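Colleague: Two chains, two frames, some hints: make the complex.
The primary structure of each chain is shown beneath.
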Amino acid sequence: MRITDLIKELRLVLVISRDVCRAALKERMMYGFLLLALLFILMANVPFVVKDPKVFGPQRPEVSALQIGFMSINVFTILIAIFVSLNTLQSFFSWERLGLLLSKPVKRVLILEGVVLGLFEMVFLNWFLMTAGVWLVIFSQTREWGLYIWTGMSVTALMALLYVALVVFFYCIIPNMMAGIMTVLLIIAGFGVPMARQAFSTTVSPGFVSSSLALGLNCIPPINSLWGISMQQLRFFDLDIAALSVIFQTLVVIFVLNIISVIRFRRFCQL
Amino acid sequence: MSSSVVLKVSGLSKYFVSGFLWGAQKTIAVDHLDFSLSRGEIFGLLGPNGAGKTTTLNMLVGIMKPSSGSIDIFGEPFFIGKISPLARIGYVPESTSLPGYFTILELLDFYGQIFDMPASLRFNRIKLLLEMVGLVKERNCLIKNLSMGQRRLVDIMQALINDPDLIFLDEPTVYLDPVIIERLRSILMRLKSEGKTILISSHMLSEIEKVSDRVAIIDRGKFAKVGPKEDFLRSGTMEQEFLRIVKHADN
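Protein chains in written order, with my numbering: chain B, 88 to 358; chain A, 86 to 336.
Derived by calculation from the structure, the hints in this document are not laboratory data. All figures in this text were calculated on a predicted structure; none of them were measured in a lab. Careful: at least some of the hints might be erroneous.
[Said to hold, decoys possible] Simulated restraints on C-beta separations:
no.: 1; chain 1: B; residue 1: T238; chain 2: A; residue 2: G160; range: 55 to 63 Å
no.: 2; chain 1: B; residue 1: L93; chain 2: A; residue 2: G108; range: 44 to 52 Å
no.: 3; chain 1: A; residue 1: M274; chain 2: B; residue 2: V343; range: 53 to 61 Å
no.: 4; chain 1: B; residue 1: S299; chain 2: A; residue 2: I168; range: 37 to 45 Å
no.: 5; chain 1: A; residue 1: H117; chain 2: B; residue 2: N263; range: 29 to 37 Å
no.: 6; chain 1: B; residue 1: G119; chain 2: A; residue 2: L227; range: 17 to 25 Å
no.: 7; chain 1: A; residue 1: G108; chain 2: B; residue 2: I347; range: 24 to 32 Å
no.: 8; chain 1: A; residue 1: S155; chain 2: B; residue 2: I334; range: 47 to 55 Å
no.: 9; chain 1: A; residue 1: V221; chain 2: B; residue 2: G119; range: 34 to 42 Å
no.: 10; chain 1: A; residue 1: D298; chain 2: B; residue 2: T91; range: 36 to 44 Å
no.: 11; chain 1: A; residue 1: G160; chain 2: B; residue 2: V343; range: 34 to 42 Å
[Unchecked claim] The calculated lysine-lysine pairs, modelled on DSS-like cross-linking and capped at a C-alpha distance of 27 Å, are:
no.: 12; chain 1: B; residue 1: K194; chain 2: A; residue 2: K93
no.: 13; chain 1: B; residue 1: K95; chain 2: A; residue 2: K111
no.: 14; chain 1: A; residue 1: K229; chain 2: B; residue 2: K113
no.: 15; chain 1: A; residue 1: K93; chain 2: A; residue 2: K310
no.: 16; chain 1: B; residue 1: K113; chain 2: A; residue 2: K222
no.: 17; chain 1: A; residue 1: K150; chain 2: A; residue 2: K167
no.: 18; chain 1: A; residue 1: K314; chain 2: A; residue 2: K295
no.: 19; chain 1: A; residue 1: K295; chain 2: A; residue 2: K93
no.: 20; chain 1: A; residue 1: K295; chain 2: A; residue 2: K310
no.: 21; chain 1: B; residue 1: K194; chain 2: A; residue 2: K167
no.: 22; chain 1: A; residue 1: K150; chain 2: A; residue 2: K295
no.: 23; chain 1: A; residue 1: K212; chain 2: B; residue 2: K95
no.: 24; chain 1: A; residue 1: K150; chain 2: B; residue 2: K194
no.: 25; chain 1: A; residue 1: K295; chain 2: A; residue 2: K277
no.: 26; chain 1: A; residue 1: K93; chain 2: A; residue 2: K307
no.: 27; chain 1: A; residue 1: K212; chain 2: A; residue 2: K277
no.: 28; chain 1: A; residue 1: K314; chain 2: A; residue 2: K93
no.: 29; chain 1: A; residue 1: K295; chain 2: A; residue 2: K307
no.: 30; chain 1: A; residue 1: K111; chain 2: A; residue 2: K150
no.: 31; chain 1: A; residue 1: K111; chain 2: A; residue 2: K307
no.: 32; chain 1: B; residue 1: K113; chain 2: B; residue 2: K194
[Stated by the list, open to error] Derived coverage of chain B by chain A (criterion: at least 3 residues anywhere in the stretch with Cβ under 8 Å from a Cβ of chain A; other residues may be distant):
no.: 33; region: 179–185
no.: 34; region: 189–196
Even for Gly, the Cβ is constructed at its ideal location relative to N, Cα and C.
Excised from the complex, chain A in its bound form (with noise of 0.2 Å):
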């Protein structure tokens, strides 16, 4: 494995089982997914509701066990229970409920602690946050008093609170307004300019658009099309040769 790879996934499989002996049903969530990811690239992961986006990044951030396939990061195999990895991966989840009863500044640091960072660290590494998605006034509000979009932000934060070398974002521009998305789409080529690996999976087809270096599009747990963002753009614009792709599957 070359040394730039962070992320190398193979055969990656998960599936449901429901009802009970002869009444059990099989439902495939995600169907042998191979990719991998290489240090400072951004990876847009496009598909429509339903089709495994999140169910991979559970997978990858060792919240769900794969049925099958296996997870290198960081070029040692990863799995549930393997602990090590996950102190360099940042990771936004599609939906969070952040406690509300505390401030922003408590969040930050009480994830940095889990993070076992010291307190000048977590100190200096909040402000620098807090400096880069433009909440220093709020630092001392309740999350319960946040909007969406700033609650999103805060997500953001607690991502990269350990200044991790790999991150996951799900859906991450659901509830932002223009403004706070162009602020995301900075931090986020700030972060490839800083040699991190992101894996961002969104139904914004124009934002994949404008952030990623390679695109994938995956449909019923499979790939449809993997490649460089330009292969997506050459017969029209990235939403026209989603739908043509999703259609064609449907077909």
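With the rest of the complex left out, here is chain B (with noise of 0.2 Å):
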């Protein structure tokens, strides 16, 4: 492929990203759960004006006030992922509207990636902005940059990511809610992770059947370790996780749910 191909594709799936994100942002559930998530990070204040060690134990004002935002964004995050992406997915994949573009000279590839873009960017936005308002509580409060939220976060910022590409391999496969559902259920097993492993360690089991379930816990978004990374980043925790090698994992399940999407995505626009 030539170079100047390569950079209208890339120019249509920022075309088709942009629209898609913009119809997400129209999504008045999202405004609702931002609402709600920046009104939990307001609470991130409290640790500041109530001192008292019976309530928030011996920790810093600033570690309960993270504590605080960190869980206010997670949680957000998976909301914001998972039911405003479902609800935009349902509107853009309409066979009316999905139809109209199907006829134009755009490959299918294209359209599904500017869509995981699209609703990338709308999660990033929220991601952003709900960040941004914890390190202002922190700021007005400490006087102190803290650039070990944003770095911390960041983390959450990945994991939004695989929740979309998570939400479109669903949808791409079950084109209804239970598409929500089914990403719920796995990030929860994702959760999960680590206490299998350990569970299944101890078991002596046939090489073989350990070996698929060393696979299928290894094909499973490590959520669990994810969060790790994050405390381990936000100075909650001295934890000992490997996090490059966690990320990694991370965007090879984001890649692999991709491509099955792509692969997935060309039967569901054929009748």
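Modeller: Structural data, given as structure tokens:
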């Protein structure tokens, strides 16, 4: 493929992604979630006001504030990434709207990549606003720049990309609300991976079974480990997690999900 | 194939299978259609509801995969995934859900970018189309605030944004009042005079009668009659001929 063709295709992906992001930003549900998230983030001020160790423990108030912010950002990123994405997919992939786009000279793969990118732009924007909220609260109280807040929370942005990839993947297989439910279930499974790995490591099982289990567990997104990296960066705990390998595994999972989504999307478009 | 032939369809069929294994049922939507369109021709496709008009058009623009048969567009075989001929095709779907949050200008600009048109060309083309359909004043209105007739005109504009050589219109007169239908008719005649080839599917028999060069009546997926417009008008109006053919097929 020539460079000019590649640039042309990238431009098409950006055009579609802008449209999808715009459609997503029109979802009222998103503003509801964002508003709630910002209200919760405002509650991060409380540890600075209530300095009673019986309420927030012996830790410094900024750590308690960060914990409130961290939980708010993670919970609302999941909600926005799944439910707003799902709503946007339902309107964008309606037969009339998708049919019209399919009658234009655009490859199906570019449509899907544009959709994924557009949804990610929307989730990223929300993540940025929420993280900026937490950072502002901490900065206003401590007058410290706290750049580690941004690096710690950036793992959540990667998780948001993972959630979007999961929703799109499931939507290409089951184009209804079930896609959202499946995503939630898989995220829950992702939290349980370390426990499952530990549980299976203690039982002696035949080589084939244990290798299949290991493969299966490696395919599940390592949500728990990602949270661990984030907490490590935010200085909540001193955890020993190989951050690079977990991030690499997450990127591989996202890439594979994307490939399967593209294959499924070709069938999704054909009647 | 003659160089003036823009579209050639041979044995085009589409069937849908519902159910599974022994309970599977095959529904034939389009059954071995053969026809061709020459440059500058307006071809009218008439048929009752469920006759297979929209399915045929969906296959011709690459949305739906034919079960069998071949489509040649601009002298080259066309199939799903081949996008180069689509750059010279315009398509007005039967029903669209245009995104309401776009203004007319933004929507046309979006589709212009999809066709990779440079900004200056897009600007000129949009200006020309707005003047052609008479929506210059409404150019900054949100789509959701337009009337159904105006939305239909926007549908037609998005199909013409790339200055296509081959245009497919599926029920373009739906939601349009007589004034706008008259405007659409003059647009079609203008496009014809520019050498554009048009396939128009409609229930409005009088419209087909006024603008088409050749007409086909499709019923239950098959052509019941194809020929020059004059052949349909020998024994009366287009409507009388249409009803005679469809009722005869029913019997």
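Colleague: Against each hint, give a clear statement of whether it holds in the structure.
Modeller: Hint-by-hint comparison with the structure:
1. B:T238 x A:G160: 55 to 63 Å: Given range 55 to 63 Å: holds, Cβ gap about 58 Å.
2. B:L93 x A:G108: 44 to 52 Å: Holds, since L93 (chain B) and G108 (chain A) (Cβ atoms, about 48 Å apart) stay within the stated range.
3. A:M274 x B:V343: 53 to 61 Å: Given a distance of about 54 Å, which is inside 53 to 61 Å, the answer is holds.
4. B:S299 x A:I168: 37 to 45 Å: holds, 41 Å
5. A:H117 x B:N263: 29 to 37 Å: The hinted range 29 to 37 Å holds for H117 (chain A) and N263 (chain B), with Cβ atoms some 35 Å apart.
6. B:G119 x A:L227: 17 to 25 Å: For L227 (chain A) against G119 (chain B), whose Cβ atoms are near 22 Å apart, the range 17 to 25 Å holds.
7. A:G108 x B:I347: 24 to 32 Å: Distance hint for G108 (chain A), I347 (chain B) holds at roughly 30 Å.
8. A:S155 x B:I334: 47 to 55 Å: Holds, since S155 (chain A) and I334 (chain B) (Cβ atoms, about 50 Å apart) stay within the stated range.
9. A:V221 x B:G119: 34 to 42 Å: This hint holds: roughly 38 Å between Cβ atoms.
10. A:D298 x B:T91: 36 to 44 Å: holds, 40 Å
11. A:G160 x B:V343: 34 to 42 Å: Distance hint for G160 (chain A), V343 (chain B) holds at roughly 41 Å.
12. B:K194 x A:K93: holds, 24 Å
13. B:K95 x A:K111: violated, 42 Å
14. A:K229 x B:K113: Given pair K229 (chain A), K113 (chain B) holds - Cα atoms ~13 Å apart, limit 27 Å.
15. A:K93 x A:K310: holds, 17 Å
16. B:K113 x A:K222: holds, 25 Å
17. A:K150 x A:K167: Satisfied, since the Cα-Cα distance of roughly 12 Å is no more than 27 Å.
18. A:K314 x A:K295: holds, 9 Å
19. A:K295 x A:K93: The hint holds at about 24 Å.
20. A:K295 x A:K310: holds, 18 Å
21. B:K194 x A:K167: holds, 8 Å
22. A:K150 x A:K295: Cα-Cα ~32 Å, so violated.
23. A:K212 x B:K95: Holds: K212 (chain A) and K95 (chain B) sit about 25 Å apart, inside 27 Å.
24. A:K150 x B:K194: Cα-Cα ~15 Å, so holds.
25. A:K295 x A:K277: Holds: K295 (chain A) and K277 (chain A) sit about 13 Å apart, inside 27 Å.
26. A:K93 x A:K307: holds, 16 Å
27. A:K212 x A:K277: holds, 20 Å
28. A:K314 x A:K93: It holds: about 19 Å lies between the C-alpha atoms, which stays within 27 Å.
29. A:K295 x A:K307: holds, 24 Å
30. A:K111 x A:K150: holds, 16 Å
31. A:K111 x A:K307: Distance of about 16 Å is within 27 Å: holds.
32. B:K113 x B:K194: Given that 27 Å is the threshold and the Cα spacing comes to 26 Å, the pair holds.
33. 179–185: With 3 residues close enough to chain A, the hint holds.
34. 189–196: holds (count 7)
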